[in-house]
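**Q** Chain order of the listed sequences is Z and S.
Note that this note's numbering has the first sequence beginning at 764, numbered continuously upward.
Note that this note's numbering has the second sequence beginning at 119, numbered continuously upward.
Some hints here could point you the wrong way.
Unchecked claim - The list that follows gives simulated cross-link-like pairs (lysine to aspartate or glutamate, DMTMM-like), each with its CA atoms no further than 20 Å apart: (1) S:219 / Z:801; (2) S:219 / Z:793; (3) S:219 / Z:825; (4) S:219 / Z:780.
Think of the hints as simulated: they come from the structure by calculation, not from any bench.
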Amino acid sequence: DVKVTQSSRYLVKRTGEKVFLECVQDMDHENMFWYRQDPGLGLRLIYFSYDVKMKEKGDIPEGYSVSREKKERFSLILESASTNQTSMYLCASKLPLGSNTDTQYFGPGTRLTVL
Amino acid sequence: AQSVSQHNHHVILSEAASLELGCNYSYGGTVNLFWYVQYPGQHLQLLLKYFSGDPLVKGIKGFEAEFIKSKFSFNLRKPSVQWSDTAEYFCAVIFYNQGGKLIFGQGTELSVKP
């Protein structure tokens with residue numbers, strides 16, 4: 764069973780703080796993704812990574828950065844948190860495109876509130 | 119950029135009613151198609167997926183979806199909903215020309231009245 768875990772379920776931070784959201788998967792997946800989920804907007808892709816030390820911007824990368832030093836771990840960084848980054852953050856992983864399964868597996872999410 | 123649209127933002131049904139949730143995607147060549155469900159307080163789960171072959175795919179909990187290539191659609195159906203189907207449903211598409219990114223629709227919130 765694929766497991767994607769996220770370091771926190773709930774997080775409260777203050778404006779201007781640096782925030783780290785951690786994601787770990789245990790299925791040796793090359794591809795990892797960070798989304799934010801907001802009501803009425805669905806899931807929007809922030810950043811993704813095809814492999815270790817590789818990263819690509821998604822649709823809404825502004826205000827975020829990522830780090831992928833190890834295959835199993837993908838970190839999302841908010842350099843200076845702002846109130847409009849209050850959201851649910853979801854991590855996901857999958858095998859590369861064209862594998863016998865393109866199914867993406869999701870973590871439980873981190874609900875971040877920036878005050 | 120490629121996009122995915124879900125027609126209904128909120129659907130309210132009584133138990134035993136039939137369900138159809140619409141999903142359309144912009145043209146993008148080869149695609150893989152998914153429906154995910156998120157029950158209240160839980161994380162996203164895969165309902166069903168289409169990669170190739172029979173365009174009518176069956177998923178868990180009695181859900182099915184039909185891929186109509188000419189209409190760029192992948193609508194989700196269930197003949198008879200239950201109260202436990204209350205959840206948010208997301209259509210998602212991998213466009214092969216987008217390098218494997220999964221692009222989501224806006225989501226449809228389904229409320230089933232007992």
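**Q** Check the hint pairing residue 219 (chain S) with residue 825 (chain Z) against an upper bound of 20 Å on the C-alpha distance.
**A** The hint holds at about 18 Å.
**Q** Please work out if residue 219 (chain S) and residue 801 (chain Z) have their alpha carbons no farther apart than 20 Å.
**A** 19 Å, holds
**Q** Can the restraint linking residue 219 (chain S) and residue 793 (chain Z) be considered satisfied, given a maximum Cα separation of 20 Å?
**A** 13 Å, holds
**Q** Hey, residue 219 (chain S) versus residue 780 (chain Z), does the alpha-carbon distance stay inside 20 Å?
**A** 30 Å, violated
Checked against the numbered hints given earlier, the structure breaks only hint 4 and satisfies all the rest.
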